[in-house]
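What follows is each chain in one-letter form.
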Amino acid sequence: MTRTETARPAAAGSVEVRDLTREFRVRNGLTVRRLTAVDHMTWSIAPGEAVGYIGANGAGKSTTIKMLAGILVPSTGEVTTCGLRPVKDRRRLARRIGVVFGQRSQLWWDLPVRESFGILAAIHSLSRGQERARTDELVETLDMGDYLGTPVRQLSLGQRMRAEVAAALLHRPELLILDEPTIGLDVLSKQRLREFLVRERAEHGTTLLLTTHDMGDVERLCDRVLVVDHGRLAYDGTLDGLGRTVGAERVLIVDLAEPHGDLEVPGARHLRSEGGGLRQQLAFDPAATTAARVLAAVSERVEVLDLTIAEPDVEDVVRRIYERAATSTS
Amino acid sequence: MRVYARILAAGFRTQSRYLPAAFAGLLANATFGLLKSGILLTLVGDGAAIGGYTAGTMAAYVWLSQGLLGSVNIWSLPLSAQRIKSGDIAVDFLRPADVQLASIADDVGRGLFALIPRGLPSVGVGVLLVGMAMPSEALPYVLGAVSLVLGITLSHTLTYLLGTAGFWLVEVRGLQGLYMGVAGLLTGLITPVWLFPDWLRMIAVATPFPAVMMYPIDVLSGRTTGLDALALIGAQAGWLALALAAGAVTTRLGRRKLEVQGG
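Chains as they are written, first to last, in the numbering used here: chain A, 1 to 330; chain B, 331 to 593.
Calculated directly from the structure, the hints in this document are not laboratory data. Since the model is a prediction, treat every value here as computed from it, not as a measurement. Check each hint, because a few of them may be wrong.
As the list claims (entries may be wrong) - On the chain B side, residues computed to face chain A include the following (Cβ under 10 Å):
#	residue
1	Gln345
2	Tyr348
3	Lys415
4	Ser416
5	Ile419
6	Asp422
7	Phe423
8	Ala432
9	Ala475
10	Ile520
Yeah, the Cβ is synthetic: ideal placement off N, Cα and C, and Gly gets one too.
Chain B on its own, in the form it takes in the complex (with noise of 0.2 Å):
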């Protein structure tokens, strides 16, 4: 594990030197989430709550996933496929360690420093312009914390799975469209996905997708609460131990694909 620990660190060293980069996506993400609470907002109303959401709550859920937005994945692939296609992936599969998880960690460690120029930022933006409801007490923190990781796991490990599809196709832009489309709408990125007319919901629970971003939200803003979060937590973990397996077996047999790309 140290090994993994260690190219964790790496990465998230790496993104540390690219903060002007962080702070034009804070830019970005704040002014979309200006725009989703105002329309998001709109619908809540004064004091008609609609799917369990107040004012507050809405706000802590736009605040949360605009801030999210630079830890997770959601709609890029993530280097390792641009390495597939490179070929750079071979330098990769010639080192003494799990080809998978060390993309992954390196993925992961990106993504949790992005927490602070980003993700700290929003919720501050949110806090202080709109009011929004947070917990007061500490074990939502505590849960949404676990909730949290797993969730920007679970998004670097699908995205990690998608960039391996590489290995069969030359190119995987088409399938990173549909991914997008997919996945943007089913994490709850747009609208919570409790909002969702009944069939779409149950689609979208389904899917590893809401566990991405969705269930933290949910934990850390203290909408779950006790055994509830306990089991959204749970339902990340699983996905993540699927999406584990499944991306292990894509890559091992991608392996035997593999014909590295520019000699």
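Bound-form chain A, shown alone (with noise of 0.2 Å):
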């Protein structure tokens, strides 16, 4: 014991993938067909960070998620999850992990969602005091007080969700990983989770690894983002990097004082015109000019009321990603 808290501070939440296979065997009829389902990665996440892990369906996220947290043995390379195997160390690493698959309850289904919590501190060896705290503190914060003795088959899906994540972080993990949190999900209920997650990791130093389809999860929570496509790492860096590295346009939209005919600004593309023209969208390249001068451009034509900035849609830049993948590949 003594070696591996020595060893803690290093790895808390720590993740490192080095040539990273996994294979499925698909049966179809009488012919086996091979699927590399994950192809050689390597990466890695520091403690701390919080990663966006994206790609379309079948592209091997959740393939990945499931070696890390030791519930699939890779084909070849090596995993190390807060510097532990994650197979060979299996419940030791489930004592400072705690994942959330969107689609797969860890709850009692026919029982309070209260009860679910005491079987996981029991599970979890947490003392009373420590369950007693933690349950508190995680209820108040996700706003559960209201259904905590409502039997889980009972709970819409937003509430449900937060007592997964919830079930997911009772035992402080170091490391926190969720597969697609917010699938389903109205629109309050993603904010409010949102919320929480930002709050926890500030307040605890969360790592965070999430998979979703949602950018607006990213954009929200993390700092990094790994595309993932056919199994191999596409792309690592931060979200701002990665609208850069494909080209993505940031629009600026103005609201005009008068209407105004579609503007003509040299750096920026017209995109659209609302309300007669007193609402317009602009696109332009990060790498080519700025916000400024693009606004500059316009103030010397119209006089500006309001202005917005919008961020590239992730969903688009990743689909340039793969598309780019695609031609360089044919």
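Please assemble the complex out of the two chains, which come individually in their own frames, going by the hints.
Spelled out as structure tokens, the structure:
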């Protein structure tokens, strides 16, 4: 124990993936096809980072996560999670990570939510004091007080998802892995969950790895993005950088004092006008010009009352990455 | 152990949420109990005993075996098998607990609860309607309780083991059908193992199945007492240890094989 405790600060919540590969045999009638879900991936996550892991369906996201958590055995390559070998040290690792699979529940379906927390606290060997303090904290910050006594099967999806996240965080894991946590949630529920995660990370320094199709999740929660495509790493860097890499445009939206015809501004491209020209959208390449320069050019022509800058739509960005990869390989 | 006790308690409480289903089960068990006692008591007849059974001890066999049906698992796949099939077992592997012991603790908790709405009323029917013979001293009940818990636990350990075949086979229902047939006969559910022809009885006692139901009934009804009862309990414990060891191996190997179904 002493050895792991001294090693812990360095590895707390970290992930290291080296040359990781996972193949599946897919049976289709009599023929068996080999499918490479994760293809020689190498990357790492430092303690305390918040990383979005994004890609299309079947790109290999969930497969990777299952290997990180020790529930799927790699075909070749290595994974180290929190300094441990996930498959070999499954139970020790389980005490240090929290995982939410959006489509699978870890709660006791027929029992009140409160019961699930009690059972999980026992599984994680929390003392009564720890259990009470942590449960109270999560119930308050996730606003679950109203339905603690309700059987899980009677919860709304938003309520259940908050309970799932709380269940994964009960033992204060160093690494939180969320697989599609906001799938199916309404806008308000998403918003609350994201706000909670931001606060939780700020307070406890939890490392976060998030897979999602919802780019709002990535924009709100992640400092760094890994894009996977066909089991391979297609991009590793900041979200802004991702936009720049594929030449995604930012959009300046201006509200004018008076209606005006479609604006023509050097370095920017007119996208659309609304309200008879009262609101106009101008796209520009952040690598070639700046928002300030575009705005100055607009202000020379008309009076601007208000403005917003829309960041690149990340789904669009990911699509561009895929297209780029497709053209470069074909 | 606190972990598994807690999971067992959760199983107990979960089952308590299904009372209407339990009463429906009781009705079915009682109906078949009446049929079974009709046939078996005719065999026993008035004074002449078959295989050491009198009308009173045969009635005890019938109503105890029917009453146990909600608690021991003889013919259905456990929840863990469904979780292997659906891939939800992944969630179980994410907990710092032994997956086999946690699954069995949950099932045993449910089984123990079922003694209340299904086991006790069934015995009540036997005592009130057909005059089943039950021991009058305390010891058979103490040993019987131990034997009963071992039998219930063994039944769920065996079905857990059966369910782990799902790590290799996507569909285990064929295997389940085979298991149902063999276990249904050899546990002594249909007719007491002691009424089997010699060859079949020898086969039965060489399997863990009589330890699931026949032995607890013998101990609890006071048909087997003293050292013989302890020997039966010892055999149950031995089979349980063996089944748990086998389940631990298939769980470990299965985990290596695991390809979580359904993404």
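ask   = Should the hint that Gln345 of chain B touches chain A count as held when the rule is a Cβ pair under 10 Å?
value = Holds. Min distance 9 Å.
task = Would you settle whether the hint for Asp422 of chain B is holds or violated, based on the nearest Cβ-Cβ distance to chain A being less than 10 Å?
result = For Asp422 of chain B, the interface hint holds, since the closest Cβ of chain A sits about 9 Å away, which is under 10 Å.
ask   = Per the CB criterion, is Ile520 of chain B less than 10 Å away from chain A?
value = Since chain A brings no Cβ nearer than about 32 Å to Ile520 of chain B, farther than 10 Å, the hint is violated.
inquiry  = A closest beta-carbon separation below 10 Å is what the hint needs, so does Ala432 of chain B meet it against chain A?
reply    = Holds, about 8 Å.
inquiry  = Holds or violated: the hint that Lys415 of chain B contacts chain A, with Cβ atoms closer than 10 Å.
reply    = Lys415 of chain B check fails; min Cβ-Cβ to chain A is 13 Å, beyond 10 Å.
key: Closest C-beta approach of Tyr348 of chain B to chain A relative to 10 Å, hint status   = Where the cut-off is 10 Å and the nearest Cβ of chain A is about 8 Å from Tyr348 of chain B, the hint holds.
Interface restraint verdict for Ser416 of chain B against chain A (beta-carbon cut-off 10 Å) = Check passed: Cβ of Ser416 of chain B comes within 8 Å of chain A, closer than 10 Å.
Chain A contact restraint on Ala475 of chain B - CB to CB distance below 10 Å = Since chain A brings no Cβ nearer than about 25 Å to Ala475 of chain B, farther than 10 Å, the hint is violated.
ask   = Are Phe423 of chain B and chain A close enough, Cβ to Cβ, to be under 10 Å, as the hint says?
value = With a closest approach of 4 Å, the Phe423 of chain B hint holds.
key: Interface hint outcome for Ile419 of chain B [beta carbon to chain A under 10 Å]   = 8 Å, holds
Checked against the numbered hints listed earlier, the structure breaks hints 3, 9 and 10; every other hint is satisfied.
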